[in-house]
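Visitor: Letter by letter, the chains look like this.
2 protein chains.
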Amino acid sequence: MTKLISPFKILARDENSKARTGILYTKHGMVRTPVFMPVATQACVKALTEEDLNYVGAECLLSNTYHLYLRPGTEALKKLGGLHNFMRWNKSILTDSGGFQVHSLSHLRKITEDGIWFKSHHDGSKHFFSPESVIESEAAIGSDIWTCLDVLMPNSAHKADLRRALATTKLWAERAAAHYKKIVPEQNIQQNEDGSFSVGHSILFGIIQGSIYPDLREEAAKHMARQDVHGFCIGGLSVGETLQEMNTAVEATIPHLPEGKPRYLMGLGTPIEILECIERGVDMFDCVWPTRVARNGQAMTSEGKVNIKNNAHRLSEEPLDKNCDCWVCKRYTRAYLSHLYRAGELTSHRLISIHNIRFLIKTMERVRAAILDGTFRQLKKEIIEKYK
Amino acid sequence: MTKLISPFKILARDENSKARTGILYTKHGMVRTPVFMPVATQACVKALTEEDLNYVGAECLLSNTYHLYLRPGTEALKKLGGLHNFMRWNKSILTDSGGFQVHSLSHLRKITEDGIWFKSHHDGSKHFFSPESVIESEAAIGSDIWTCLDVLMPNSAHKADLRRALATTKLWAERAAAHYKKIVPEQNIQQNEDGSFSVGHSILFGIIQGSIYPDLREEAAKHMARQDVHGFCIGGLSVGETLQEMNTAVEATIPHLPEGKPRYLMGLGTPIEILECIERGVDMFDCVWPTRVARNGQAMTSEGKVNIKNNAHRLSEEPLDKNCDCWVCKRYTRAYLSHLYRAGELTSHRLISIHNIRFLIKTMERVRAAILDGTFRQLKKEIIEKYK
Numbered sequence: 001m002t003k004l005i006s007p008f009k010i011l012a013r014d015e016n017s018k019a020r021t022g023i024l025y026t027k028h029g030m031v032r033t034p035v036f037m038p039v040a041t042q043a044c045v046k047a048l049t050e051e052d053l054n055y056v057g058a059e060c061l062l063s064n065t066y067h068l069y070l071r072p073g074t075e076a077l078k079k080l081g082g083l084h085n086f087m088r089w090n091k092s093i094l095t096d097s098g099g100f101q102v103h104s105l106s107h108l109r110k111i112t113e114d115g116i117w118f119k120s121h122h123d124g125s126k127h128f129f130s131p132e133s134v135i136e137s138e139a140a141i142g143s144d145i146w147t148c149l150d151v152l153m154p155n156s157a158h159k160a161d162l163r164r165a166l167a168t169t170k171l172w173a174e175r176a177a178a179h180y181k182k183i184v185p186e187q188n189i190q191q192n193e194d195g196s197f198s199v200g201h202s203i204l205f206g207i208i209q210g211s212i213y214p215d216l217r218e219e220a221a222k223h224m225a226r227q228d229v230h231g232f233c234i235g236g237l238s239v240g241e242t243l244q245e246m247n248t249a250v251e252a253t254i255p256h257l258p259e260g261k262p263r264y265l266m267g268l269g270t271p272i273e274i275l276e277c278i279e280r281g282v283d284m285f286d287c288v289w290p291t292r293v294a295r296n297g298q299a300m301t302s303e304g305k306v307n308i309k310n311n312a313h314r315l316s317e318e319p320l321d322k323n324c325d326c327w328v329c330k331r332y333t334r335a336y337l338s339h340l341y342r343a344g345e346l347t348s349h350r351l352i353s354i355h356n357i358r359f360l361i362k363t364m365e366r367v368r369a370a371i372l373d374g375t376f377r378q379l380k381k382e383i384i385e386k387y388k
Numbered sequence: 001m002t003k004l005i006s007p008f009k010i011l012a013r014d015e016n017s018k019a020r021t022g023i024l025y026t027k028h029g030m031v032r033t034p035v036f037m038p039v040a041t042q043a044c045v046k047a048l049t050e051e052d053l054n055y056v057g058a059e060c061l062l063s064n065t066y067h068l069y070l071r072p073g074t075e076a077l078k079k080l081g082g083l084h085n086f087m088r089w090n091k092s093i094l095t096d097s098g099g100f101q102v103h104s105l106s107h108l109r110k111i112t113e114d115g116i117w118f119k120s121h122h123d124g125s126k127h128f129f130s131p132e133s134v135i136e137s138e139a140a141i142g143s144d145i146w147t148c149l150d151v152l153m154p155n156s157a158h159k160a161d162l163r164r165a166l167a168t169t170k171l172w173a174e175r176a177a178a179h180y181k182k183i184v185p186e187q188n189i190q191q192n193e194d195g196s197f198s199v200g201h202s203i204l205f206g207i208i209q210g211s212i213y214p215d216l217r218e219e220a221a222k223h224m225a226r227q228d229v230h231g232f233c234i235g236g237l238s239v240g241e242t243l244q245e246m247n248t249a250v251e252a253t254i255p256h257l258p259e260g261k262p263r264y265l266m267g268l269g270t271p272i273e274i275l276e277c278i279e280r281g282v283d284m285f286d287c288v289w290p291t292r293v294a295r296n297g298q299a300m301t302s303e304g305k306v307n308i309k310n311n312a313h314r315l316s317e318e319p320l321d322k323n324c325d326c327w328v329c330k331r332y333t334r335a336y337l338s339h340l341y342r343a344g345e346l347t348s349h350r351l352i353s354i355h356n357i358r359f360l361i362k363t364m365e366r367v368r369a370a371i372l373d374g375t376f377r378q379l380k381k382e383i384i385e386k387y388k
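Line by line, the protein sequences give chains B and L.
Heads up, the first sequence is in this note's numbering, so the first residue is 1 and it goes up one at a time.
Heads up, the second sequence is in this note's numbering, so the first residue is 1 and it goes up one at a time.
The hints are simulated quantities; they were obtained by calculation from the structure and are not laboratory data.
Wrong hints could be hidden among the right ones.
For identical chains, the list gives no copy identity; a pair is met inside one copy or between any two copies.
Straight-line distance between alpha carbons at most 27 Å, and here's what the computed DSSO-like set of lysine-lysine pairs gives [what the hints assert, rightly or not]:
{"id": "1", "residue 1": "K91", "residue 2": "K330"}
{"id": "2", "residue 1": "K305", "residue 2": "K79"}
{"id": "3", "residue 1": "K309", "residue 2": "K126"}
{"id": "4", "residue 1": "K388", "residue 2": "K322"}
{"id": "5", "residue 1": "K78", "residue 2": "K322"}
{"id": "6", "residue 1": "K309", "residue 2": "K322"}
{"id": "7", "residue 1": "K78", "residue 2": "K330"}
{"id": "8", "residue 1": "K79", "residue 2": "K309"}
{"id": "9", "residue 1": "K182", "residue 2": "K27"}
{"id": "10", "residue 1": "K322", "residue 2": "K305"}
{"id": "11", "residue 1": "K322", "residue 2": "K79"}
{"id": "12", "residue 1": "K159", "residue 2": "K3"}
Treat the numbers as computed from the prediction; the structure is a model and nothing was measured.
Please model the complete structure; the sequences and the hints are all you need to start from.
Guide: What follows is the structure, given as structure tokens:
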């Protein structure tokens, strides 16, 4: 097994499931888990500012190496003092490796053993990502949590192709971890007497692939468990598989990972998906869903989904969610939000996004408290009841 | 002349021009003039919230009777406690009468002596505005400053048609003022010992038309000066005429208006236009320009216009305006704003709009101070130099 210390402190475990709550320490502070990370795809969470994100209690954002590499460019970001300084965010940032975006956005990608050739979705210009170059890009971005370049295949691919892709992903993770060691000074993580950690540099997460096949997931997890990484991403899910398939893939992965490192399931999700994964031992989540549906007039509330376009809200003096503590719910009526949406006002995107992210982050706060006091199962049941 | 008291206190007059500074009192507080009023067309200043508007120092918003009448509907607004409660804005609101929107947006309008038939630009449904019904709509909206229904004609119209339109506008102003008296309790304005006013109800402004013809403007101004209104709108400008034509129309209007009532030039504008009008005795302004150009990446700064799309800003660590006190300028670089704009992020619209409105409101603050200390001409020259 790896000798690398992970700056992750587990505070409590749920007795009836694999759920746990803890703190991941980064060079920008603490990330309490389970955590929901809003997605700042292009150095910005859509319609919001970092002031809004501080307000809703975000502790870690996700940003995209692929997008930032193309625009404003990693060299530009380096000159401008890194992503934190660029967007004025002073808490943690995780960057994904670009593997997913190269898969989903780029035309004519070509995977070799060395890396991936791809064409920019902006202008068709040709680019190359290698496991090492992605680490260099993440270093230029200055994110707190880096991820290794991986190969993503659609779940519908032949198993032989998935196996081949996994072999490449494994090889690339080894190369990324080796490159990380080259550029990051040793002993940049120190454990303090109280169990907390002082973290002097960015940390590295490996990405576990394997599609919906338990045997591939197990193989990938066992391999990644042996690598010098500080945490694990579970990739290749939330791409159209059923909830059952996702659960099976997670169950085939988690038992093979060391307890003491955080696990992040990429691209989730809805309250139900997140709670199912927390129960199975996942600690970290990100998703564009709460901001994307917000721009379509959909809110997540303590009573379930609310579609602000619904005529029933046109004269409603109720807040979006009477149990929510966010200023949008404290200040505005459904009637006003409904009007703004109908009138095509951009302000409606911002207001519903603030609420939706606050809702998910507050749900995580409740989950953490429930794990601490032994009521996670009960809370999970209560929330899922509203989102069935 | 009218016996109506206008709740307007003039604090100082410029010695070298007709510029003056004062306070217009409304039932929601003070509006210090010269004032720039951001435009909340549909109960929302585009991309902003009322928190942003308080932040930039807005004291009065403009909203549109035509738009609010169609959506959410004036009956709905009445049920929801009026526009202030609906949008959570607790300072002043002026509503225009809808005359301009019926002219510019509606299909197949038909003007009779009674009022205007028009078709909604949303769904083609047929509606009727009369001088009385517009006052009723404004009462339902609950705005602080109401305006009379007018007839707007393009400047290119035959003078005979403009004269006919003006005759109708004059007649309608009389009917609006009469209807206002019917529904508003008398003596709702009291002057206090210190010269300030206590205002218990919405007040009424008449709209002066007359296109770019000095003789028509004079006729319209003299007529409106005799009406029981608390202030004057100068309408029909900022619709494509030259700066010289606008100045001439204003010069033909102002001398025929009583000193003690505020004058509002509808739909201006750019810093140059506003300063030219202040010099000629105008007190109030509104325009969608600062928010519209913001959404196109254009900022107004103390050094003149800045187009954030310009490549020169891509790596610039300068703020949008180094002399601006707004939080956008204190927090973000041009590089970041430029990136957000290129990336198509909605956040860029909000951030540049906040700056642009703050810039205009701060310019008005400087104008008021300059009128008080006798340096208005100098300030005007200095600002216009940057915007030639």
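Visitor: Give a verdict on every hint.
Guide: Verification of the supplied hints:
1. K91 with K330: Result: close both inside a copy and across copies, 26 Å intra and 19 Å inter.
2. K305 with K79: Between. Shortest inter-copy distance 26 Å satisfies the 27 Å Cα cut-off; intra-copy 43 Å does not.
3. K309 with K126: between (42 Å within a copy, 24 Å between copies)
4. K388 with K322: This pair counts as within: shortest intra-copy Cα distance 20 Å, inter-copy 52 Å.
5. K78 with K322: Close across copies (23 Å), not inside one copy (44 Å); limit 27 Å.
6. K309 with K322: Answer is within; shortest intra-copy Cα gap is 18 Å, inter-copy 42 Å.
7. K78 with K330: between (40 Å within a copy, 21 Å between copies)
8. K79 with K309: between (44 Å within a copy, 19 Å between copies)
9. K182 with K27: within (19 Å within a copy, 69 Å between copies)
10. K322 with K305: within (13 Å within a copy, 45 Å between copies)
11. K322 with K79: between (46 Å within a copy, 21 Å between copies)
12. K159 with K3: neither (33 Å within a copy, 90 Å between copies)
Comparing the model with each numbered hint stated earlier shows that hint 12 is the single one that does not hold.
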